[in-house]
Each structure stands twice: as structure tokens, then as C-alpha cells.
Amino acid sequence: MNKSIWQNGIKIGLIGGVSAVLLALIGMVEAFSQRDIISNVISMGHTLLLLVAVFMGYLAAKRTTRTEPLWILVNSLISGLIVGGLVALLVIVGSLINLRKVFIYAMPILYELLTFKQGTQIGIFLLLGAGALSGTLAGLFFLSPQIIRRVLIASLGSIVVAGVLQDLLRPTFSRWGPLAIINEWLFTSNGLTVYGAIALFILIAAIIYFWARKGGAVRTGLHRLPPAGQRALKVTSLLLLFFILFALPQILGLFLSEVLTIVGLYVLLGLGLNIVVGYAGLLDLGYVAFFAIGAYTMAVLTSPELGFFSLSFWGALPVAIFMGVISGVILGVPVLKMRGDYLAIATLGFGEIIRILVLSDFLRPWLGGAQGIGKIPKAHIGGIEFGTPQSIYYLILAGCFLVAFISVRLRDSRLGRAWMAVREDEDVAQALGVNLVATKLLAFATGAAFSALSGAIFASKLSSVYPHSFNVMISINVICLIIVGGMGSIPGVIVGSIALVGLPELLREFAEYRLLVYGAALVAMMLLKPEGLWPSEIRRRELHGEVSAGSEPESSASNESSRS
Amino acid sequence: MAILTADKTTKRFGGLVAVDDLDLEIQENSIHSVIGPNGAGKTTFFNCVTGFYRPEVGEIRFNSHSLVGLLPDQIVRLGIARTYQNIRLFPNLTAMENILVGLHSHLKSGFFGIVLELPATRNEEKMATEEARRLLRFVNLAGKGDFLAKNLPYGDQRRLEIGRALAARPKLLLLDEPTAGMNPRETQEMMDFIQHLRDELSITILLIEHQMRVVMGISETVTVLDYGKKIAEGTPVEIQKNPKVIEAYLGRGSAAEMHRA
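Sequence order for the protein chains is W and U. Start counting the first sequence at 1; every next residue gets the next number (the numbering used here). Start counting the second sequence at 1001; every next residue gets the next number (the numbering used here).
These are computed hints drawn from the structure, not numbers from a lab. Just so it is clear, CB atoms sit at the ideal spot from N, CA and C, and this is done for glycine as well. Be a bit skeptical, because a hint or two may be false.
Unchecked claim - The calculated BS3-like cross-link candidates involving lysine-lysine, where the alpha carbons are at most 27 Å apart (straight line), are:
| no. | chain 1 | residue 1 | chain 2 | residue 2 |
| --- | --- | --- | --- | --- |
| 1 | U | Lys1008 | U | Lys1171 |
| 2 | U | Lys1108 | W | Lys337 |
| 3 | U | Lys1126 | W | Lys234 |
| 4 | U | Lys1229 | U | Lys1008 |
| 5 | U | Lys1150 | W | Lys529 |
Stated by the list, open to error - Computed footprint of chain W on chain U; a stretch qualifies when at least three of its residues, placed anywhere within it, have a C-beta under 8 Å from a C-beta of chain W:
| no. | segment |
| --- | --- |
| 6 | 1086-1092 |
| 7 | 1095-1107 |
| 8 | 1112-1126 |
| 9 | 1230-1237 |
Claimed, not checked - Listed below are several chain W residues computed to face chain U (Cβ distance under 10 Å; list not exhaustive):
| no. | residue |
| --- | --- |
| 10 | Ser413 |
| 11 | Leu415 |
| 12 | Ala418 |
| 13 | Asp425 |
| 14 | Leu436 |
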């Protein structure tokens, strides 16, 4: 009967082990090993394997059916051991058979990495040991009090994050005289220094520890401020935020500003789709169509290559948005009665129709065909040309503010409520006076307008448009980022965009495994935090079952006044 | 004065005749119950009144407006609102938001008013919020405005649904089994509440009910349906003694049962 206690540990260990072996065989471990987290101590590749063992150890600890610490620790040790064991098995098999015929990444260098360059015999023991140790540590972590856990996650996490994002941090620090010193101290050309890592660990640990202890007091102190004081605080933090946003291109330099512009374009797209899918619940998988329409309208109206029109950027922009609105309505009318999966497929079709149309030879005289349209002029205000990534960033930032403002206003309004009612139960919504046709068309049109805005800016930024850029992956990217960020939530869209669009740009190693990471991220999000990284208030309550809300009628009275 | 008349209303689903040649007259300011065994066509009739179904044959008039062929959002603007047999609140919206959606037909703010933050829109929102609070108090849900509808206890959900229907400012309120699943005390409260609606707000009530004490206790007129046809109509006392009604509910030879209700 003791066996049943180990069952979970064994099962979880096996899953972890198989995952680790898989990650090794597809080449992810090796690709990640190029980058060191802590220089010459541990690479990103080894960190990945370590994380698998630790995570499995934690899960095993969590799922242990007995509560005595000893059983929990043994369980997590077992799962870690098995993870290490399966990787060791890979090494053994690899030393006997040439796996390269099937798994092209099963190269000698992989085994070298896996055995820590100690050869097969010693490597096996190292792996088993490392696995067991990681598992046990995870078990200890599970048993530690809340405050220790938070401290550890924050400080270890910041080391990993700093190592992963070193290409972002190093150039940023080096641009600012005083901060450049941190660079020498914290980073080498590849990874953190040992002292840097330790210092970072201590710093973050101290901050989190003090925040955990005193943070509550600070927060209640803030709440006790008079309304004037609270307002002043809100205003100052907003001003600070604005200041940072405006200063960002100067802080981050050319390459990162470029990354920011791409993130910004996706934020625009995300906010638009947020209205269609997040508020109104209309699953639109062909969202790239409006992006294309906005871009091509801008191209056709401003490019001398086609020569039909020669409007300026600002002249063409309203037309592009208007074309977006019209196409939103054109898509909306035939799909009014469709729901769920049928709506998704139909909208997917619309996206493809637009892509094929702009690619076609038939429309080449007007839309440029497979060669696309080039020589699109940049935007001008007075004498300033929006040509560099930094200047385009400001253009996009303005667009984001506008779109975010409109989204917020719409959400807390009669129309926003109508959209949400349609999402929840459209028959009842109709029975309460909601005009389904108008409401749905407004959702499609508004979403399309935002998308077209993004497309128009995109066309100007790239100075050219090619049909191949407007494929279904863009639609899928946008859907993923609003799911991961938090559907229906405006900060969520921004977080999702940074996570799913910004990070891959920064982490070139990810590039080949982008889809795998997307898929894994989505699955992980659905399991751990289905409401998204920064969910809207409603969604968080919806998915984390507000049991307290049903049993504390006294507190709800104050909730009513604090909701904005 | 008849506020709602149904004239030879028939609703078919293929070969199944759910509502069969129904003539019905609801007097203004009355409480009128429709009863009958399950499957008798009561909810289908409600759906025809609210525009969710369109009857194949016949006419339904509300204060001399023809309802047949109108969409549900047009019908609610004429002054008819309803609740549902298995509560259909908007589960992931708060109680407050549910009621605000109920007010939708009486608010006017459009896209541009909202985006441009016109004063008319702001005032309307303020007024709507106040009215929604008032309605919450009216249905005894004061202070629960921020609870998600799906997290409310059953009795509160029923009352919220009525509150949402009242937000539409109806002259005729269709209640579909409002006391389903309630214990005797809650049922009595609901009965008092329904009468209060009629007495204070002059709302005509059309009620589908299975609990006989509710039907007998508060209705002025009772219509009995069976297999889509009207088999009896009259005051509660008359219905109680009607042999056809007894047979439909309880089978032959159960006349004694009805006297206990």
C-alpha cells in the first residue's frame, strides 16, 4: 500500500523526464546553451532542464496524498530522480546507438552538454544526482512558508530573467553614463557574473522580504490618505508612467525601439480584437484582413509607384480607417446569425479571401500583386518626418493612447454592456432591447477600424506592403496575445503583446521554437492562470471562483463605491 | 380592458403542435395564471408573445399593437418583459450590470456620445446607475450589486431576474415559474411581492406556475392548457372543481386530490 503514495511522484517524474528528453532531442537544450545565465556557471540550456526537474518536484510535492514532510520530500526526490534518470537513459542509449538518423539534433555536442562534459559514466551519476537534488529542493520549497517562497521565486527569477534578457539590459545600461558601470559589474559578454548574480539575489530578496513584511502597512497607509492625497498619488504615478513611455526610445536605443514599434502595432491590433472577441464574444479568426485593408489603402492612396493618388499620410489615414469600418460591416452582415465555431471558420475564410485578393494577378494593376506596393511615404508633421523607429514609436504610442481611451469609454457604457450581454446570452439580450444586428456590426466595425489604423501605420513604417505579410499567423498571434494577456482587459493586451511579440524578438534562440513556445505558453496559461496575466476584474472573479463574495455582504457595500 | 389578446394562436414545430388554436385575453392590471402539465405549451406561448417564436397562425395583440412578426427588441419597447423558467441571468456580469442591461431600451447613448464623453451621456449613465440601485433595493438585493450573478444564491438570482425585467419598465410582466425550487416561506414572499408589483406599480402579471397555492392564492383568472389547447378558464375556485383539469393533472379518479390545494 505504500506504493500508492509514490505513484504520483513516479508518474510526474516520468512526464517530466519525457519532456526533458524531448526538449533535448528537438535541439532546444543545445540552442539555449549558447547563452549563459551565469557566465561559465550555468547556461540557459541547463537552466531549462533544471526548471523541468524543479517544476516536476514541486508538482509531485503538491500532489502527495500524505501530509507529513518526509513523504512529501521523498516524493519530490523520486520525481526529480526519474527526470534525471530518463535523461541519463537518453545519454546511455545515445552512446550505444546513433540516434541522429531519426533525431537530427542528437549530436555528440548534446551528450557533452548533458553529461556536463564528464563523459558517459560520470555523467549518468551527475544527472541522477542533479535530478534528485532539484526534486528535493523543490519539495523543500513547497514546504517553506509563504514569505520564503515569494523571496526565492523573486530573487531566483530575477537572475534567470536578467540572464535571459541580457541583450536588452546591456545596451540599455551602456547608454546611460552612470548605469554603464552596472554593466561591467553585472554582465560579461555572455551571462551574469557570479558576483553580479549573488548581488542581484540579495538585493531582490531584501526588497521582496521587506515588501512582504511592511508592504501591507504601506498599502493601508495609502488607503487612509484623504481623497485629495489619493488623487495626487494617482496623478503622479500616471505622470511617471507617461514620462517613462515617452522617454523609452531614448533609453533603449535603435534596435529596441524597433522592437517596441512592433509590440505597439500588435497592441493596437490586440485592443481592436479585444472588443470583438473580449467584449462581444464574436470569435474572429480572420482579423488580419482589416490589417491588410488598412495597409493597402494607405499604400494605394499615397504611393507614387501606382500613381493613382498622391495623398499624404494624414490624408490617407482617415480613409484607411473608414475602409476598415466598411469591411467590418461587410464581414459582419453575412455572419450575423452564426455562432461559435461556425463564426470562427467564416471569419477565417474572410481573412484568407483578402490575402488572396491582394496577392492575385487579377488585381495586380490596382494592388500590386505578388510584388506588393513600394515607395510609401512616411508621415510628416511640419518639418518632422516620422522615419526612424524612434519617431514611428511616438506615432504608434499616440495611436495606442487613442485606441485605449476609446476602449475604456466603450467598456463602461451602454454599448459595452450590450456587447457583454450579447456575449453571455444573446437571446436574452435581445429580449431586453439590444438590437443584435446593430450591436454586432458595431463590434466588427470598431475592431476593424483599430486594425486598419494599425495596418496604415505599418505600411508607412515599412514603406512597402507585400501580400505575404498578411497571413493567418497574424490573426493567430493576436488571439494568443489577448488570451495570454487577459481577454477583455486593456493592460492585459499590453502585457500579452510584450510577452508574445516582444520577447521572441529579443530572444533569437526562441525563433525556431516560437510555435512550440506559444503552444506551451497557452497550455500553461490555461492550466495555471486561465484568466490571463493581467486579467480584467470580471474575468479574474469568474475563473477564480469568488467564494468570499458570496459570504461577505458587509464588505460588498464598500466595493460598490470603490469600483470605477 | 384587455391588455393582451391572443386570437387563434398556433405554433407548430414540424408535426408537433405546441400551441393549438389558443384564444386568450389578459385584463389590464390583473394577475392571470397559465397552468397545465409539463409540455402543455405554456412557455412556448410566452415565447410567441415575446417574439422569440413566430406563430404560424393567428394573432397576438398588445394594446392593439400586433406582435406577430416583431423582433424581441421591438416588443420589449412596447412594454412587455419576462423572466425564464431556468433562470437566464448574464452569469459573468454583476447584479448591477444585469440590471443596467435591463435598462438598455430606455437609454439612448450611442457610439459617438460615449466616445466623446458628451454631457448627455454622462448624465444618462448617472441616472441609470441610480435607477439600477433603486431596483436592487426594490428586489431586496441592496448591497449585492457587485456580486457576479452566477455566485448569487438561488432565491437572489430569481429576484435579480425579476429586477432586470422590471428595469425594462414593462406594463406587462411574464413570469415563468417564479417560485420553482422555493420553500413555503420563500413562496409566500414571492406571492406577496407579485401582488405588490400589481398593486403599487400597476403592472399586469401573466404567470406560469405549478404550485397550486400560488395559483389559487393570487390569481384572478386561471387558464389551463393541455397539449397546446385551452381546456378550461375561469376563477381559481371554478378551475379547482373542473373535472377536465383534474383529469389532465392527475389522471382519472383523483378528484379528491384537488380539494387539498
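Check: Hint numbers the structure violates, sorted upward?
Finding: 9
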